[in-house]
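Q: Protein chains in written order, with the numbering used here: chain A, 100 to 416; chain B, 21 to 158.
None of the hints are false.
Between beta-carbon pairs, the in silico distance windows are:
| no. | chain 1 | residue 1 | chain 2 | residue 2 | range |
| --- | --- | --- | --- | --- | --- |
| 1 | B | Y138 | A | K163 | 20 to 28 Å |
| 2 | B | L135 | A | I138 | 22 to 30 Å |
| 3 | B | I41 | A | G120 | 30 to 38 Å |
| 4 | A | I138 | B | L25 | 15 to 23 Å |
| 5 | B | D66 | A | I138 | 47 to 55 Å |
| 6 | B | L33 | A | S217 | 29 to 37 Å |
| 7 | B | T51 | A | M279 | 53 to 61 Å |
These are calculated hints, taken from the structure and not from any lab test.
Even for Gly, the Cβ is constructed at its ideal location relative to N, Cα and C.
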Amino acid sequence: MIVEILLQIIKIIAIFAVVMGCVAYLTLMERKCLGFFQIRLGPNRVGPWGLLQPVADGIKLFFKEDMTVLHANKFYFILAPVISLVAVLFCFAVVPFAGNVYIIDIPVAVLYLMAISSMGVYGVLLAGWSSNNKYSAMGGYRATAQMISYEIPLALAIVGVLILSRSMSIVDIVNAQKGMWNIVKQPLGFIIYLVCTFAETNRCPFDLYECENELVAGYQTEYSSMKFALFYMGEYAHIFLASCLITLFYLGGWNGPVLPALLWFFMKVFFCAFCFIWVRATYPRFRYDQLMNLSWKVMLPLAFLNLIVTAIIVVMF
Amino acid sequence: MIKALIVGLFTTLKHFFRRSITMKYPEEKWTPPERFRGRHVFLTDDEGKPLCIACGLCVRACPCECIELESEKNPDGPGKVVTGYSINYLRCCFCGLCVEVCPKDAIRQGKEFELAAYDKESLIMDMDTLLDKGVNAR
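Pulled out of the complex, with its shape left as it was, chain A reads as follows (with noise of 0.2 Å):
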C-alpha cells in the first residue's frame, strides 16, 4: 500500500518535473524559432546556443522587486497567478505521454480537461477585476468572453472525437487511432478543434487581453516578479498542454511506426507547438468584433454540422 502510493508520488514529480522543463524550454524555443522567422538569431548568449536562458530568466525574475499594488484587492490579486497556472497543471494528471506513462487513466478524463482548463479564466479575469486598473479589468473581462465562446466549438468538436473512439479515456482515444489517425477521419473537427485551442491559449492571432497597443499589457499589466513569471508559466503550461491535446486527440497520439512511442509523441506534441509559434509569427491579430463573429457565426455552426455528420456516419455504417 505504502509502496504503491510512494511510486504514485514518484511519478507526480516525475511527470511534473518534465512538464515544467518542457514549459522552460518553450519559452526558449519561442524566442529562437520567432528570431529564426524573423531572420535574427535569438537569445544565444547564455550557454551554448542560448540554451541556458530559461535559468538566467527564472533567476532574474526570483530578484525582481516583487510589488503588491495599493489599490489592488491583496487577496485575489495573488490567488490570480496562482490559479491560472495551477488549472493547467491540474490537467497534466490524467494526459498520458505513452502507452503507459501516465498518472491516472480515468474513464471520464476529457470531461475532467473540459472543466479544469475552464478554471484558468478565473485567474485571468480575477487578476483583472482586482488589479483595480482598467487595462487590466478590460484584459480580463475580453479573456472571459473570448473564453467562454470559444470553449462551446471546442467542447463540440473534442465530442466527433469521442463519438469515434466511443471513450472519454484518452488512452483508449489514442489506442482507437491506431490504424488511421482522427486528423484524416476528422478534417474539419482537427480545423476547428485547432482554432479554438489558439484562442483558449490566448495565442495569436487571438491575443487580444493582453494586446500591448491597446491595454498595455492586459490583465498582467500591475504584475511583477514571480506573480508575472506564474502568469508566463501558466500561459506556457497551457500552449504545451493544447500541443499535447491536439496530438492526442488527432495526431494519434504516441502511435508511429520504428521510433519509440515517447519519442514519437515528444515529436508530434514539439511540432505542434512550433505550429503556434509559426502562427504567431505569421498572421496580424484580430480585431474583437471579428474575434466574436468568428466564434458564435463561424465556428459553431460548423462545429455543431462536423458533430451531426460525424453522429450519422457513425450510425448508419
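Starting from the structure of chain A, add chain B where the hints point.
A: Chain B only, in chain A's frame:
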C-alpha cells in the same frame, strides 16, 4: 481568404530557413566605411613629431568645448610646439569641425568606434593615446 492565409504561412517558413542577418558583434566586427568618422587620430610627420602647429583653431571650432591644447614657444625655430593635447570623449559629438578647420591636416577621424569604458577618466584621452601609431594610417 484561406489561400492567402496559407501563402502567408509559407512566406514566413521561407524566412525561417534563410540565413540570419544578425552580426555576432563582439566576435565578428563591422568594417567601417572609408570616410567613417570615429575616434580622432593625431597625425605625425616622418620623424614621428606631431604635425600640429598649436594654432588653436580646433579648440575654437569645437562646439562641445572638449579639446584642450597646451603649447610652448619652439626653442629651435619659429612658431610653437604642442606639448599637451586632449579630447574629452564624454562630450565630443564627432561633428568633425576640428578636422575641417585644421590648416595642417594634423588631426583626422579614424575608424575606431568602440568607446565604451568602465571609468570616465579613460575617456579623456591625451596626446599619447591619440597619436597615430600606424594603426589608423591615413
